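Engineer: In case you want the letters, here they are:
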Amino acid sequence: MAEPMGFYTDTTVCIGCKACEVACKEWNQLPSTNGGVNTLSGDSYDNTRKLDGIHWRHVKFIEQFTETRQDGRWLLMSDVCKHCVHAACLEVCPTGAITRTEFDTVVIQSDACNGCRDCIAACPFGVIDINPVSGTAQKCTLCYDRLQSGMEPACSKACPTSSIQFGTIRELRSRAQQRLDQLHQAGEKRAYLYGADEKILGGLNSFYLLVDKPEVYGLPPDPKMPTRNLTSASLFSILGAVLVGFIGMVNFRNRGGRAHEETQL
Amino acid sequence: MNGGPSSTYFTVSPEWGWLITLYFFFGGLAGGAYFLAALIDFFGQPEDRPLARLGYYISFPCVIMSGFLLVIDLHRPLRFWHMLIASNTFQPMFKYWSPMSAGSWALFIFGIFSFLSFFGALAESDRLRWSAAGRLRPPGVIATVLALVGGLCGFYVAGYTGVLLAVTNRPIWSDTPLLGMLFIVSAASTSVALLILLAERAGWTMPGLAALHRMDIYVLGLELIVLIAVVVSLGPVWRAWLNLWGLLLGTIIVLGMLFPLALNWRKDWLGDFNVTATAALVLIGGFLLRIVIVFSSEGI
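As you go down the protein sequences, you meet chains F and C in turn.
When the letters of the first sequence are read in order and numbered with the numbering used here, they come out as residues 1 to 265.
When the letters of the second sequence are read in order and numbered with the numbering used here, they come out as residues 1 to 300.
The hints are simulated quantities; they were obtained by calculation from the structure and are not laboratory data.
What you are looking at is a predicted structure, and each value in this text was computed from that prediction instead of being measured.
Errors might be hidden in some of the hints.
Said to hold, decoys possible - Which bits of chain C does chain F cover? Going by a derived footprint, with three or more residues having C-beta under 8 Å, they are: (1) 14 to 22; (2) 35 to 45; (3) 194 to 202; (4) 215 to 226.
Unchecked claim - Quick list of the computed label-pair ranges, beta carbon to beta carbon: (5) C:261 <-> F:74: 56 to 66 Å; (6) C:231 <-> F:62: 33 to 43 Å; (7) C:130 <-> F:132: 30 to 40 Å; (8) C:255 <-> F:198: 36 to 46 Å; (9) C:109 <-> F:132: 27 to 37 Å; (10) C:198 <-> F:132: 57 to 67 Å; (11) C:244 <-> F:2: 36 to 46 Å; (12) F:63 <-> C:78: 43 to 53 Å; (13) F:231 <-> C:92: 16 to 26 Å.
Built from N, CA and C at the ideal position, the CB exists for glycine as well.
Please build the complete structure, drawing on both the sequences and the hints.
Structural biologist: Here's what the structure looks like:
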């Protein structure tokens with residue numbers, strides 16, 4: 001197995017140019033929405049709005065302005081599949097369509113997926129959705145085809161500010177820590193890394209440098225694996241079955257007893 | 001959570017809608033009716049055998065309906081077999097930790113049991129002229145094993161759907177571990193109601209029917225307790241029901257549980273219509289319960 005590969009996204013240098021979105025769409029031949037007619041969101045420069053089956057990259061525009069708009073800031077973040085080390089989608093997929101590659105990334109094999117959507121409900125980041133053209137669940141593959149050819153993913157290649165950086169996880173974590181130290185020394189104490197260590201789902205192979213709470217960026221503060229409920233939900237179900245079985249047996253046996261008593265009388 | 005929003009609110013909806021809601025209802029009826037039929041076979045008296053057969057007659061068509069609903073809900077329906085066989089290796093595809101994977105196998109296996117029991121019931125009632133099929137009805141080792149294992153599979157099919165919802169990251173569904181228990185108890189209450197409804201309309205008076213009436217009261221009471229436990233176990237997420245879904249849930253509790261319980265207690269309230277009304281309210285309540293569980297999360 002090759003060394004784990006991934007993305008480190010430094011949101012402080014993202015300028016919202018959306019080159020990553022365009023590069024992703026072009027390389028992966030993802031269709032446009034609304035028949036190619038541009039639909040404006042009307043309240044933001046963000047007209048992509050969300051990650052889904054045909055948007056595998058999404059630059060989020062988060063406006064933090066005062067009422068008078070005299071003071072404030074933009075938070076920009078290029079969102080993508082996190083390629084979790086403990087991947088919820090891979091865990092629940094009933095067809096085996098979702099696999100882990102030799103690069104430790106998570107890929108949906110479109111020819112095996114039957115569109116059951118269990119992975120959509122499982123993903124703690126809301127990354128996956130159905131591609132209306134293929135009828136299968138789709139998301140970022142971390143350009144698996146390019147990686148196999150020794151190339152870097154299209155989005156990081158296109159990023160003009162190196163907000164999206166590609167490399168081995170070991171190298172990326174080192175780079176991210178250096179950048180974090182630099183920001184802290186410069187007085188930006190709010191900066192921190194999200195998903196760079198094992199605390200979140202065993203580590204995110206696409207991790208972020210953020211300067212506000214995760215939920216401000218639309219990221220869950222405490223993402224969990226769906227199977228956390230498997231044992232407890234199964235045991236309670238068994239308890240339910242036992243109780244119903246007990247109720248059934250008691251009532252049918254009581255009737256038998258009463259019938260017997262009536263016969264005796 | 002540290003006082004912040006539940007992490008389940010950052011996920012997106014899988015758009016499991018009407019087809020899945022109907023499947024949850026028919027799957028519950030299939031499993032529940034089979035379990036009741038097996039229970040009557042084991043603990044009933046000879047006069048109750050038509051009641052057991054009725055359970056098997058309900059179960060098998062409901063299994064067929066369940067499979068059909070699940071297949072057409074897929075975005076690639078022709079690939080339904082990928083749930084059971086890995087499409088690239090043609091090896092069996094089974095993940096015990098994935099409720100959808102285990103549930104697909106359970107539904108498939110339960111379908112076979114349900115079919116055999118349906119077949120046996122037809123033979124026993126002389127609707128099918130094949131004496132060998134009579135071995136599928138008790139007494140006898142084959143029939144006993146069939147009813148026992150099929151009844152357990154029925155419970156699994158009725159309950160795994162709630163576990164499936166819990167093993168996601170969606171709001172409400174994954175915020176309580178009790179949905180599987182709720183679905184099993186609700187499957188029992190709706191199945192008891194359907195058996196009573198059909199048996200009474202056929203004018204049957206066997207002793208097992210009285211036992212079903214008594215069972216109805218206890219199962220409805222248990223369902224009410226489990227539903228309250230579900231709301232409590234949601235913690236702060238219960239506020240997701242402070243809307244029309246919550247209103248519908250309240251209506252289900254009153255008209256689908258409390259009122260049928262009262263009708264069981266005061267059997268003369270609605271005269272000849274009492275039994276039909278009780279059963280119909282429980283069935284409608286069971287269906288609406290699944291609508292609330294599925295759609296209230298889908299809307300978030």
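Engineer: So, for every hint listed, does it hold in this structure?
Structural biologist: Hints and how they fare:
no. : hint                        : result
1   : 14 to 22                    : holds (count 3)
2   : 35 to 45                    : holds (count 7)
3   : 194 to 202                  : violated (count 0)
4   : 215 to 226                  : holds (count 5)
5   : C:261 <-> F:74: 56 to 66 Å  : holds (58 Å)
6   : C:231 <-> F:62: 33 to 43 Å  : holds (34 Å)
7   : C:130 <-> F:132: 30 to 40 Å : violated (49 Å)
8   : C:255 <-> F:198: 36 to 46 Å : violated (50 Å)
9   : C:109 <-> F:132: 27 to 37 Å : holds (34 Å)
10  : C:198 <-> F:132: 57 to 67 Å : violated (43 Å)
11  : C:244 <-> F:2: 36 to 46 Å   : violated (52 Å)
12  : F:63 <-> C:78: 43 to 53 Å   : holds (46 Å)
13  : F:231 <-> C:92: 16 to 26 Å  : holds (24 Å)
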